[in-house]
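**Student:** Chains as they are written, first to last, in the numbering used here: chain A, 2 to 226; chain B, -15 to 86.
Quick caveat, the hints were computed from the structure, so don't treat them as lab data.
Heads up, some of the hints might be wrong.
Computed cross-link-like contacts, DSBU-like style, restricted to lysine-lysine with a CA-CA straight-line distance of at most 30 Å [claimed, not checked]:
{"id": "1", "chain 1": "B", "residue 1": "Lys63", "chain 2": "A", "residue 2": "Lys126"}
{"id": "2", "chain 1": "B", "residue 1": "Lys12", "chain 2": "A", "residue 2": "Lys98"}
{"id": "3", "chain 1": "A", "residue 1": "Lys126", "chain 2": "A", "residue 2": "Lys98"}
{"id": "4", "chain 1": "B", "residue 1": "Lys40", "chain 2": "A", "residue 2": "Lys181"}
{"id": "5", "chain 1": "B", "residue 1": "Lys40", "chain 2": "B", "residue 2": "Lys63"}
{"id": "6", "chain 1": "A", "residue 1": "Lys126", "chain 2": "A", "residue 2": "Lys181"}
{"id": "7", "chain 1": "B", "residue 1": "Lys18", "chain 2": "A", "residue 2": "Lys126"}
{"id": "8", "chain 1": "A", "residue 1": "Lys181", "chain 2": "B", "residue 2": "Lys63"}
{"id": "9", "chain 1": "A", "residue 1": "Lys98", "chain 2": "B", "residue 2": "Lys40"}
{"id": "10", "chain 1": "B", "residue 1": "Lys63", "chain 2": "A", "residue 2": "Lys98"}
{"id": "11", "chain 1": "B", "residue 1": "Lys40", "chain 2": "A", "residue 2": "Lys126"}
{"id": "12", "chain 1": "B", "residue 1": "Lys63", "chain 2": "B", "residue 2": "Lys12"}
{"id": "13", "chain 1": "B", "residue 1": "Lys18", "chain 2": "A", "residue 2": "Lys98"}
Quick caveat, the model's predicted, so the values are computed rather than measured.
Here is how the chains run, residue by residue.
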Amino acid sequence: MRSIWRTLDPGLLRDVSAVAAGAAVSGASFGAISTSAGMSWWLPVVMSLLVFAGGAQFMAVGVVAAGGSPAAAVVAGLLLNVRHLPFGLAVGDVLGKGLVQRLVGSHLLIDETTAFAMAQPDPRKAKTAYWLCGISLFIAWNVSVVAGAFIGQNIGDPNAFGLDAVFPAALFALLLPALKDAATRNAALLGAAVALAATPFLPAGVPVLCAVVGLLITARQKVPA
Amino acid sequence: MTLTAILVLAAGTYVIRLSGPLLRDRLKLSDRVKLLMSTSATVLLFALVATSTLTKGQGFAGLALPIGVVVGGIAAWRKAPFVVVVVLAAATTAGLRFLGVS
């Protein structure tokens, strides 16, 4: 485990910090929204530690706040997280071989860690990026959720600062190297079009899964030697 | 939100997350399938970029958000440092909202 930090470069640390800062603000707003929806302060905190998936957490709390049942909230959250299964199939190797690394590393399998790992040119750097991003975001997210839960409604709307633009822009920047490959790019464009077209008609989380349809046009993608 | 619901969501999410790495190991995937898996992750992440840029709930996200993401995206494409990309995207969206553009 220790050896992976040798490939740590300041550039990676800076990039991860930028994403962690965005996650921290979003976490504070999650804590605040949860307590103002009537939850005790420790519930969003336990949720953030154990679920560790921003989208699903906002979704679940939102469903209950809108009068939905806890069961409906669980289903909505899980639908949003199904995409993590293919992420694990794609980057499962970078977690490490040991059982503990796998068990702990799997909890850190989120959009950002997957994107950071895939943006690295070699497996060693991918492993460093995955763990650095995962641990940093886990700390930033959970500390800020606690803070937000206590500060409560005094937190303004983080979207006024354009923070909802941080996640897609950061993700796009990380995906750029992979999108240089024409077959991957075409599949991604088709997939995104399908997901957007499906959004008005399907529950949250499902449209993104529909994007795998885009893979149909990679049938003739060449396997690099 | 009840504690039981949180625990079920957490357990389900963890099972989903652990399945990928475990299956990948068990199945002895061919290079072709491995490539397909990594392409599918890119495709899913890109769809996530598209939906979180253009949609809020089941409707359109408004103009401020997509314009900010596009400005950040162009900066990324022109090889601007990652931090610049992120700050430009947020600042553009915030600026437009400040000016009253939703």
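**Student:** Are the Cα positions of Lys63 (chain B) and Lys98 (chain A) separated by 30 Å at most?
**Tutor:** Since the Cα atoms of Lys63 (chain B) and Lys98 (chain A) sit roughly 34 Å apart, the hinted pair is violated (cutoff 30 Å).
**Student:** Can the restraint linking Lys18 (chain B) and Lys98 (chain A) be considered satisfied, given a maximum Cα separation of 30 Å?
**Tutor:** Roughly 17 Å separates the two Cα atoms, so the pair holds.
**Student:** Holds or violated: are the alpha carbons of Lys40 (chain B) and Lys63 (chain B) at most 30 Å from each other?
**Tutor:** At roughly 29 Å apart (the allowed maximum being 30 Å), Lys63 (chain B) and Lys40 (chain B) satisfy the hint.
**Student:** Measure nothing beyond the straight line between the CA atoms of Lys40 (chain B) and Lys126 (chain A); if it is 30 Å or shorter, mark the hint as holding.
**Tutor:** Given that 30 Å is the threshold and the Cα spacing comes to 35 Å, the pair is violated.
**Student:** Sort out whether Lys126 (chain A) lies within 30 Å of Lys18 (chain B), counting only the CA atoms.
**Tutor:** This hinted pair holds, its Cα atoms lying about 19 Å apart.
**Student:** Between Lys181 (chain A) and Lys63 (chain B), does the CA-CA distance stay at or below 30 Å?
**Tutor:** Given pair Lys181 (chain A), Lys63 (chain B) holds - Cα atoms ~13 Å apart, limit 30 Å.
**Student:** If you draw a straight line from the CA of Lys98 (chain A) to the CA of Lys40 (chain B), is it 30 Å or shorter?
**Tutor:** violated (39 Å)
**Student:** Can the restraint linking Lys126 (chain A) and Lys181 (chain A) be considered satisfied, given a maximum Cα separation of 30 Å?
**Tutor:** Between Lys126 (chain A) and Lys181 (chain A) the Cα gap is close to 20 Å, so the pair holds against 30 Å.
**Student:** Take the C-alpha atoms of Lys40 (chain B) and Lys181 (chain A), compute the straight-line distance between them, and say whether it is at most 30 Å.
**Tutor:** With a Cα-Cα distance of about 28 Å, the restraint between Lys40 (chain B) and Lys181 (chain A) holds, given a limit of 30 Å.
**Student:** Do the alpha carbons of Lys63 (chain B) and Lys126 (chain A) lie within 30 Å of each other, as the hint requires?
**Tutor:** Within the cut-off at roughly 20 Å; holds.
**Student:** Below or equal to 30 Å on CA atoms is what counts here, so check Lys63 (chain B) against Lys12 (chain B).
**Tutor:** violated (37 Å)
**Student:** Decide if the proposed pair is consistent with the structure: Lys126 (chain A) and Lys98 (chain A), CA atoms, cutoff 30 Å inclusive.
**Tutor:** Between Lys126 (chain A) and Lys98 (chain A) the Cα gap is close to 15 Å, so the pair holds against 30 Å.
The structure fails hints 9, 10, 11, 12 (numbered hints given earlier, in ascending order).
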